[in-house]
Amino acid sequence: MSSDAFTPGILPARLEAEAYVDHFSDLHPRLDAHEALVAADRCYFCHDAPCITACPTDIDIPLFIRQIATGTPDAAAKTILSQNIMGGMCARVCPTEQLCEEACVRELAEGKPVLIGQLQRYATDHLQEQGIHPFSRAAATGKTVAVVGAGPAGLSCAHRLAMLGHDVVVYDARPKAGGLNEYGIATYKTVEGFAQAEVDWLLQIGGIRIEFGKALGREETLESLRAGHDAVFLGMGLGGVNALEAEGSDKEGVLDAVDFIANLRQADDLAQVPVGRDVVVIGGGMTAIDAAVHAKLLGALNVTLVYRRGRDRMNASVFEQDLATSKGVRIVTHAVPRAAIGNGAVREIEFDYVDEAMAPTGQTLRLAADQVFRAIGQSLVGEGLPALEGRKIKVDDAGRTSLQGVWAGGDCAAGGDDLTVTAVAEGRDAAMDIHEALTGAAA
Amino acid sequence: MADLTSDFVGIKSPNPFWLASAPPTDKEYNVRRAFEAGWGGVVWKTLGLDPHVVNVNGPRYGAIYGADRRLLGLNNIELITDRPLQTNLDEIKVVKRDYPDRAMIVSLMVPCEEEPWKFILPLVEDTGADGVELNFGCPHGMSERGMGSAVGQVPEYIEMVTRWVKANTRMPVIVKLTPNITDIRKPAEAAMKGGADAVSLINTINSITSVDLDLFAPEPTIDGKGAHGGYCGPAVKPIALNMVAEIARDPSLGQIPISGIGGITTWRDAAEFMALGAGNVQVCTAAMTYGFKIVQEMISGLSDYMDSKGLTSVDQIVGRAVRNVTDWQHLNLNYVAKAKIDQDLCISCGRCFAACEDTSHQAIAMSEDRTFTVIDEECVACNLCVNVCPVEDCITMEAMAPGLVDPRTGKVVEPDYANWTTHPNNPAAKAAE
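Chains as they are written, first to last, in the working numbering: chain A, 1 to 443; chain B, 444 to 876.
Any given hint might turn out to be false.
Computed, partial: chain A to chain B, Cβ under 8 Å [as the list claims (entries may be wrong)]:
#1 V38
#2 D41
#3 Y44
#4 C46
#5 P50
#6 V105
#7 L108
#8 A109
#9 D125
#10 H126
In case anyone wonders, no lab produced these hints; they're calculated from the structure.
Bear in mind that the values here come from a model prediction, so they are computed numbers and not experimental data.
Where is the CB? At the ideal position from N, CA and C, for every residue including glycine.
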């Protein structure tokens with residue numbers, strides 16, 4: 001252990017150089033061909049398989065696994081990608097233990113599901129690394145569609161529209177495409193620049209132009225997009241971060257977890273990403289887990305994740321919780337932050353313990369903290385948006401909003417889990433409805 | 444530990460598990476390892492006349508796999524021993540001397556004339572071997588030269604050669620039969636008429652295991668070409684079991700002793716062959732797949748089984764199932780069963796539903812929550828659902844008690860036995876009235 005591990009404050013280079021490579025390597029190294037065959041052999045090829053039902057994008061999982069088992073991984077990839085154009089990323093980031101693999105009958109039979117996620121990655125990697133894009137565009141329709149946000153929902157929508165013959169312009173506030181795939185997913189789940197490689201591969205379909213640095217409400221307005229295109233799809237995600245209602249939360253060192261992860265994802269040299277000695281993450285979702293794990297991997301001495309309810313209520317899956325604890329993250333539950341304490345910079349943070357009804361028990365917890373990450377949810381930002389439902393854009397089953405010619409999907413739209421795979425499904429389905437609306441023909 | 448000692452046509456061995464004539468018994472080194480591992484006996488790989496044959500210098504085997512590359516079937520184009528006769532005889536002699544309690548059988552294949560047999564049999568006797576097995580089964584290469592299955596496919600030749608052999612040796616003679624015929628009873632009958640002490644079966648089955656779709660050539664491929672080989676391994680077990688039973692249950696064959704061969708991999712396979720009439724068994728592919736140590740499982744498994752059944756001798760297993768092998772026309776048509784799905788064991792894979800709905804009798808219902816239940820009104824008890832279910836004992840066939848009404852036919856289940864020979868739909872039965 002480097003002596004820098006004990007130095008208080010927010011510092012870069014807490015670890016030896018080689019430790020970064022080790023810490024940030026692939027969480028699940030890809031299956032090799034033999035491992036893939038062994039894993040594929042376990043699939044029972046169920047009738048009307050429960051794994052398909054559990055997949056938000058309805059990938060025909062038994063079929064693609066059979067295609068792997070019979071030596072045609074590229075056919076398997078096409079089965080996957082025809083339903084989910086970001087099947088490669090979803091294979092890496094889907095909480096499969098809550099989706100397809102939870103539904104796998106072998107989970108019921110012996111507690112060991114078929115490795116669907118890893119098999120999916122084997123197939124999609126096999127195809128994509130050859131540079132093969134197995135889809136082509138239909139005859140041009142002459143229609144153009146504006147897509148706001150180059151994340152999973154937007155790119156999924158754009159790809160399907162381009163395939164159906166429409167021209168698509170994607171507007172994204174950031175300098176790179178991919179959305180959360182590029183800026184939000186844990187480093188160890190998408191190593192070696194996969195997010196950008198996937199975007200590049202996806203764009204091979206043609207007919208998609210991306211305008212970077214164009215944010216809705218900043219460079220573009222919904223009115224101008226509607227005026228300039230035949231349809232608009234909103235897939236800009238959640239740009240805002242929920243505030244921490246605790247005294248002193250404006251102190252130096254109290255940061256948004258999403259910014260921490262985005263900086264880390266964009267860092268050329270992980271050793272230059274500073275991290276505290278005593279890190280506290282507040283929240284119970286995937287972002288909280290990712291921030292906590294990343295802080296630990298960067299060399300923070302003590303990382304505590306504090307959540308206001310029990311572990312069973314955390315949005316992060318049991319797998320993710322276990323991943324965090326295995327990396328040395330301490331999880332504290334039933335505690336809400338009362339005050340960040342420190343003279344200018346945060347030094348400690350105090351919590352009230354609460355019961356199941358969120359009523360303070362009178363007991364408190366004080367943790368040393370030179371870095372505090374807020375991870376208590378993101379929120380939709382923007383004005384002049386379609387009607388909301390709760391705090392998100394109201395949509396029907398096809399993704400239609402309250403505004404004529406405007407569809408929405410992904411995290412900014414109400415309903416569905418805030419998962420990459422759900423965003424891909426919503427983008428795809430909205431594209432199909434847009435196509436029908438623009439051409440009068442069901443695809 | 445049950446007593447597994449075996450006496451097969453006077454040949455004694457500490458257990459009924461012999462290695463079949465094949466590559467594992469080609470030479471001293473292998474056979475010593477086999478005996479050290481615990482095999483009760485070996486049938487030494489087939490000897491022939493000098494100059495010895497040669498083998499191809501490319502692949503000799505092709506395989507069929509199940510899940511996880513589990514070898515289910517193996518095909519070979521290897522010929523009889525490709526070493527000088529005297530080398531084999533010398534090795535047989537020293538091995539038998541060192542392992543006097545093990546069975547040492549020597550497989551033989553020489554041209555279809557009496558002289559070569561007269562020549563080779565005394566040489567084998569001189570080794571101290573316990574018996575000979577006549578290879579009338581090898582289906583490739585040797586058959587092109589008028590030996591192996593070329594003899595085994597002509598009952599008259601079998602009888603003739605067997606008679607020569609019996610006339611020229613005091614050793615017990617086992618005739619190994621080829622399955623590449625129409626009716627296995629004919630060659631068995633010929634062997635019996637020729638005076639054989641026993642038959643062994645089955646030898647390998649003519650086969651092409653696969654085709655290389657780049658070369659468009661059968662596998663195993665030798666410089667772009669392939670020839671049919673002999674198929675063996677777990678995949679052939681059902682074929683072998685039937686042939687063993689056909690001989691065992693034919694009264695005209697006089698209960699000729701049978702050495703059972705064909706895909707035997709576990710103690711259970713061995714016990715099944717013995718129950719259908721085999722006095723002992725011979726194993727090859729399982730040893731070639733997993734090594735000689737498997738015999739230890741076969742020994743412990745058969746011993747535990749016999750102990751659990753209160754059996755004190757392997758002979759008490761032999762032939763025990765023969766009387767229950769019958770012809771279709773004698774099966775009880777009044778027996779009515781229905782599939783039953785154990786919901787506690789069911790993992791809701793739906794394979795029974797797909798099989799029944801797509802390919803059978805639409806007798807399984809599937810609910811919204813993936814509960815699968817049998818529709819007794821449609822179920823003909825075909826057993827397909829049982830066979831495709833991945834969970835053992837999840838689906839079972841339950842007999843209906845006499846007196847109940849079969850919901851499919853609306854008829855009362857009769858307590859009495861009645862078969863096709865008396866069925867009203869049988870034109871022959873009517874004609875007989």
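Hints, one by one, checked against the model:
1. Given the 8 Å rule on beta carbons, the hint for V38/A holds: about 6 Å separates it from the nearest Cβ of chain B.
2. With a least beta-carbon distance of about 4 Å to chain B, the hint placing D41/A at the interface is held under the 8 Å criterion.
3. Hint status for Y44/A relative to chain B: holds, with the closest Cβ pair at about 5 Å, below 8 Å.
4. About 4 Å separates the beta-carbon of C46/A from the nearest beta-carbon of chain B, less than 8 Å, and the hint is met.
5. Because the closest C-beta pair between P50/A and chain B is about 7 Å apart, less than 8 Å, the hint holds.
6. A cut of 8 Å between beta carbons decides the hint on V105/A: the least distance to chain B is about 4 Å, and the hint holds.
7. Hint status for L108/A: holds, given a least beta-carbon distance of 5 Å to chain B, under 8 Å.
8. For A109/A, the suggested interface contact is upheld, since its CB lies about 4 Å from the closest CB of chain B, less than 8 Å.
9. Below 8 Å, beta-carbon pairs count as interface contacts, and D125/A has none with chain B, the closest being about 22 Å; its hint is therefore violated.
10. For H126/A, the suggested interface contact is broken, since its CB lies about 19 Å from the closest CB of chain B, more than 8 Å.
Comparing the model with each earlier hint shows violations of hints 9, 10; every other hint is respected.
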